[in-house]
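Residue numbers (our numbering), protein chains in the order written: chain X, 1 to 145; chain V, 1 to 381.
In case anyone wonders, no lab produced these hints; they're calculated from the structure.
If you're wondering where the values come from, they're calculated on a predicted model, not measured in any experiment.
Glycine included, C-beta positions come from ideal geometry on N, C-alpha and C.
Incorrect hints may appear among the rest.
[As the list claims (entries may be wrong)] Examples of chain V residues toward chain X, derived with CB under 10 Å:
id	residue
1	Gly-81
2	Ala-148
3	Gln-252
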Amino acid sequence: MTTVDWSQLPPPQPLPDADSAGFWQATANGELRLCRCTNCGHWHHPPLEHCRRCAAPTAFEPVTGTGTIYTFIVQRQPAVVGYFDQVPYAVAIVELDQQPGLRLTGRVVDVDIDEVRIGMRVAARIEPLRGGEFQVPVFAPVAVV
Amino acid sequence: MDLSASAIVGIGRTAYTRKSGRTGISLAAEAIRAALDDAGLSPSDVDGMTCFSTGDPASPLRVSHAIGLDEIGWNVNTYAGGNQVALVMANAASAIITGQAEVVVVYRVLDSNVRYGKVTGAVEVGGFEQFAAPQGYMVPPQWFAMWAQRHQHVYGSTCEDLGAIAINNRAHAVANEHAIARDPLTLETYLEGRWIVEPFRVFDLAYEVDGAVALVLTSADRAKDLRHPPVYPIGAAEGTGAGGMPDLWSDQTSMYSRIVAPRLWARTGLSAADMDIACMYDCFTYTVMATFEDFGFCDKGEVGDYFREGRATYGGDVVVNPHGGLLSEGYLHGLNHHYEAVHQLRREAGVRQVDDAELALVTAGAGPYGGAIVYGRERPS
Ligand SMILES: [Zn+2]
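Chain X extracted, bound-state conformation (with noise of 0.2 Å):
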């Protein structure tokens, strides 16, 4: 039996699927881009095929990224494979400037984890997730003007 180091493996890959393709597609393009209702205009995170208000198809369309963070943790002991040597890191929630509830998850980078705050504005920003073909929006603080 051979010995596997775990420390070494790569994060979780995602899975895309139907609804969730043009998401994954715009990250590999360097782009946010979230489902939206091409009827109502209602965004909808995690994507679906059809709105979930109005049934009309929806659409992939570009977003700014911009928001404020909902909620954050700081996770301080290994918890997840291809982050056992990353820790501490930084998950915020962040509620998007698109629409009330509209919420995105990701790590929030380029500020000392000690920093990062309830109310805090970030915007999200593409970078490569190890491991394979992806890109994976993670956040980063803007300055309030």
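Given chain X, work out where chain V with the ligand should sit, using these hints.
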């Protein structure tokens, strides 16, 4: 439907250990045999069996076979975590009341192959988790630490408040020989506990163990002739929001209990003030905080003081988790809360007995999903 037309007539369990070296099937069979023996019944009396699991192998089919049954009638394996324990119990009661089964065994088993706090192998993740799991955000302590942080922001609750919950549970576990964690816990020790995921320290997380719990239900009529005083389910309620996606729940300072509590109290005509015992699902300390508020034991932001003032222990308003809960007795996915409620309502808890215990609330779940059930010593007239 009057759930109290059914009754719990037997309880059984294995030892709770860190690593048993035994299979789930063997652990479950031991707990079920003990529960049937407690009821004065035998495996051949059983015609219904149900559990909840996240796909582990000790299914009602395999387990019923292991205790000697050549066939089983009503059997349901609910795909769920602790969020649906109350639902599983209510379903078992309903199966009896509607004549689908006469004697139903409910069990939950966890062996060392099932652990929820850590993901160590290479994985591909679909569903809602496909979006954030790749960023190192994939296990329940992370999801619910988010909620605790929000509560601290909105209501000014503190880590010391979470600590008061952990300390209360542990104080109860000290007297419970069945509990896995029995060293007394002080606030100093709590605060020295290592961070897992801020704002959760190690003492804020359930203590994962190997073990099994089983309860036996039958009709209220048949229960009268069995060995122990029956314990009756008085009423139950369920509720899940945000499609069960924790990050999308609109206000993380409240949980599923915001939906379930009014439903449960309306159905039973009871309230928090009527409860002698509250077995609050405590996968994390914060789960107790949010649900305790939602069920109406105190106002938002007051849980810390409530616990520090001794109102959640013997001699106070309600005894919360007299067994020590998932935090200190052990993480049997919440079915051990139901065992404890029955144990207390039968008034067999010895030094841990809650005086004159008549009614117990048992909650199940955290975040967007869960339910609750009230058990009573007397059948409502
Ligand atoms: Zn629409």
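Report holds or violated for the interface hint on Gln-252/V, using the least CB-CB distance to chain X and a cut-off of 10 Å.
-> 6 Å, holds
Does Gly-81/V meet its interface restraint, that is, does its C-beta lie within less than 10 Å of any C-beta in chain X?
-> It is violated, given that the least Cβ distance between Gly-81/V and chain X is near 17 Å, above 10 Å.
Classify the hint on Ala-148/V as holds or violated, based on whether any CB of chain X lies nearer than 10 Å to its CB.
-> 9 Å, holds
In terms of the numbered hints stated before, the structure departs from hint 1 and from no other.
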